[in-house]
Structures are given as C-alpha cells and as structure tokens.
Amino acid sequence: MQQRGMTRELMCMRAGQELLDKGYTYVNLGIGIPTLLPEFVPQEAEIMFHGENGVLGLGRVVEESEWDFDLSNASGEPVTTVPGVSYFDSSLAFAMLRGSHVEASVVGAYEVSEKGDLANWQGPGIRTGSPGGSLDIAVGVKHVIAIMMHTTDEGKPRIVKQCSLAITAKGVISTIITNLAVMDVTSQGLILREVAQGITAGEVQVVTEPKLIVSEQLKEIAL
Amino acid sequence: MINKIYSSIDEASYDIHDGSSVMIGGFGGIGSPHNLVQAMSGKARELTLICGSIGAIMALKDVSCIKRLISGYVSTLLAVKEEWARMAKMIDEGEIGVELVPFGNFVERIRTGGSGIPAFYTPVGAATIFGKDKETRIFEGRECFLERALRADFALIRAHKADRMGNLAYRKTARNYNPIMAMAADVTIVQADEIVEVGELEPDCTHTPGIFVDRVVHVEPALTKFARVRKRT
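Protein chains in written order, with the numbering used here: chain P, 9 to 231; chain W, 144 to 376.
This is chain P alone, in the form it adopts within the complex (with noise of 0.2 Å):
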C-alpha cells in the first residue's frame, strides 16, 4: 500500500530540524530509517552523529560503488564521514549511551504507546528479535526520538494505547514524527503538533488508536 504523507527522505528532514531547533551536538542514529538523516543535516551546524557501531561524526549514505569495506553506519551501510570523526570500540560505544553522554537519539519503532512505551526489538510473528543497542538508548539516551510509518502496511494504527510487541522500555519517547505526523508525549497525552501537508488532524486520528490532543498552535509541517 502507497503510505500518504511524507517519504522517509522528508521524515528525516522534519527530524534534523527537531535536532537543530533543540541545539544537539551529540545525537545517535538507531539502525533503520534514521540512518539516512545526516544527508539532511547541514554540516556547519557540527552535529556529530553517533554509530552504536563504533563512530562519532557519522556523514551521508553513499553509493556501494564509494564503499570503503572498513567503514559504515549502525545500519550496516557505506557511509562518508565528517571532520572530527572519531572511531571506538563497541564498549566505548555504548559506554556513550548508557552513560547519558549522548544527547538525543532517533530511533525506529514497530509501536509507539500514548505514554511514550516503545517497541522496536521484536517484530510481530517472530520467536528470536534484534534488541541491538535499542535498549541501552532507551536507558541513558534523554530525548528519543522515534521516526516511524504511522500504519503498518495494512493500515493498522502504531500509535497505539498499549503496544501489543514486546516492549524496549516504558515511557521512554518524547517526540513521534511519522510520514502524517508531528506529536508530542506528555503526561496529558498525545500533542498533535503538526500534520504532513495535505493531511488534516481529524484523518490523523482515523488512523492512531489514543485520543490525540490537538494543538492550539497546530500547523503544517514546513520544511
């Protein structure tokens, strides 16, 4: 199914600006879409991107053809680099997250519950998973972000009152932005604070299972 809203290219580019509004210098990218975000970020602004991988300073995806075998993101794909790079080990690494020295992270997500729950480790169906580091940035990380599809492929809601997937860690979003969507975490519930253009609030709520809280100053996502 053609998902409406915006492309993963555009959800990554409503993220950096997230990033650059709150001021980050330090910032994970979980394995997934969020990968692609440097490509949107301006370099001057030297928001250096952590690869649970081993890498601080973390550039563009690149073409296989530009493949240095040695080198890639926590997706496992070819990557540049930015200067003042720095390359660690896997301790190290998360060391950084666990240890709150990273600032924000944006994350993928299979669910994302009304209280901020997430769960991205297990997908539905499957007996074994891929914790990877979801946990350990769950744990240390202060923002996270999670960027997502707002349905599955089915069109059911993944902005959900309680995830039915096993859970990463309670409470732990504070920011969605999905292809429709720009929605705060708050102990009062889910702020609706932008909508993808073309798309109005009411037709964001057909398709999230909590009652959304629309925002006084609601808007169209500008980017």
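What you were told as hints is all true, and nothing was included just to trick you.
Heads up, incomplete: computed chain W residues facing chain P, CB under 7 Å, no partners named:
| id | residue |
| --- | --- |
| 1 | G171 |
| 2 | V217 |
| 3 | S218 |
| 4 | L243 |
| 5 | P245 |
| 6 | F246 |
| 7 | G247 |
| 8 | V250 |
| 9 | V267 |
| 10 | T271 |
| 11 | K315 |
| 12 | A317 |
| 13 | N319 |
| 14 | Y320 |
Here are the simulated distance ranges between beta carbons:
| id | chain 1 | residue 1 | chain 2 | residue 2 | range |
| --- | --- | --- | --- | --- | --- |
| 15 | P | S223 | W | Q181 | 53 to 59 Å |
| 16 | P | Q196 | W | P261 | 45 to 51 Å |
| 17 | P | S195 | W | Q181 | 53 to 59 Å |
| 18 | W | R188 | P | K150 | 46 to 52 Å |
| 19 | P | V222 | W | K275 | 35 to 41 Å |
| 20 | W | R211 | P | G197 | 42 to 48 Å |
Since the hints were derived computationally from the structure, they do not count as laboratory data. Where is the CB? At the ideal position from N, CA and C, for every residue including glycine.
Following the hints, complete the assembly by docking chain W onto the known chain P.
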C-alpha cells in the same frame, strides 16, 4: 623470540573442536574474520557461537554446526541470506538455542569476562524479558539486574595490522567488538590484513596489546569484502 604468526588458517585454528565456544568479532559483518569463520565450518560441530549479530557468521557454509547462539541481533537478518532460512528453521525447531542479549550488556559481559569481574548490575533491559528471572537490586532509584561475565574457548577476530608479538591495530568501524573479544577467550586467533615488523605499529596507536593475542594469520582481505548484508526495509 615471541612469534605468534601462523602460516595458514588451518594451522592457526587446528584445535577448534566439537563443543567449543567461539566468539566472533564484527558488527553486521564489518570487521569480521570471514576467512577464519569459513574455515571453521566443517571442522567442528555442536558449537556455541557468540557474536554481535549473525552478520559476523555469514561466511559459515553449514549452519548445522551451531548448537547455541549468543547474540544481540538475529531476526532482522534471517531473511537476508538464503542459507539463513535454514538457520531460521533450526531456531524455530529448537535445534539451535538462542540467547538474545542487548548489545551494551553483551559487550560488557565480554569485557568483564576478560577483566576478572564475574558479574555486574545493569539497568539495560530491567523489567523486560532480558532481565527476567535474574537477581535484581535498586541502585539510585533505578532497577538493575545481575548479568554474568562471558568467556569463550576461542575468539576469532580481524585486525588491519598485526606484528609477530600480537600487537594489533584496527581500521575505522571494523574495530567494534574485536578488541573486547580478544580479551575474553582462552585462545585468541587474529586474521590480519597486513603483518608488520615489530616497532612499526605506533605504540600510542596500538589498540590491542599483544598480551591478549595467541595466534596471528595473514589473510589477503579478499573475503573481508562482501556484499551488503541488509537491505533497508
């Protein structure tokens, strides 16, 4: 004279036997000792393999040599390679036992295993299935659980440069789990892209001191170049 150089992969890995536990370096296959892994299949069975993700063992020709897998990243990769469909089936049928460990706990278990610390408390995964049935304690208001250190009979790792004393240097993100695993095995076997003279490695830039290394074998980095393991889904 200290000389840890072996002339072939077979000689360097001659004693990996049935039932061995083997750590394998690399993150998603980047920095993995693919030639050592390839040589291991067919030599020993009933293996316990300890690797960050199954990308580290993509060179394994026959997955039926695995009895147990301790890893942090399994399911997402199972659909990528045809041979791994067999692994998925063996996991489903219980022929391969899987112990999933979040990456940070995984590497800390190995680091402590090589550092003489038998166990440690971690907040990562508390109140999830990863901390289930484990001893818990509250520290600074946060629930933590006790994780045990992890060691292995063998560690197979890859370095960029090595000398005959076993001093190692890695390159870029190919470092990852390699220097940590080098510390935590009875026998650490290194696949090195290049062998250099003693004194040639800058002492300040030697990532793994030779004390942690038992055997070094020079491998032209042919198999270290591999097709991308995962497609964006």
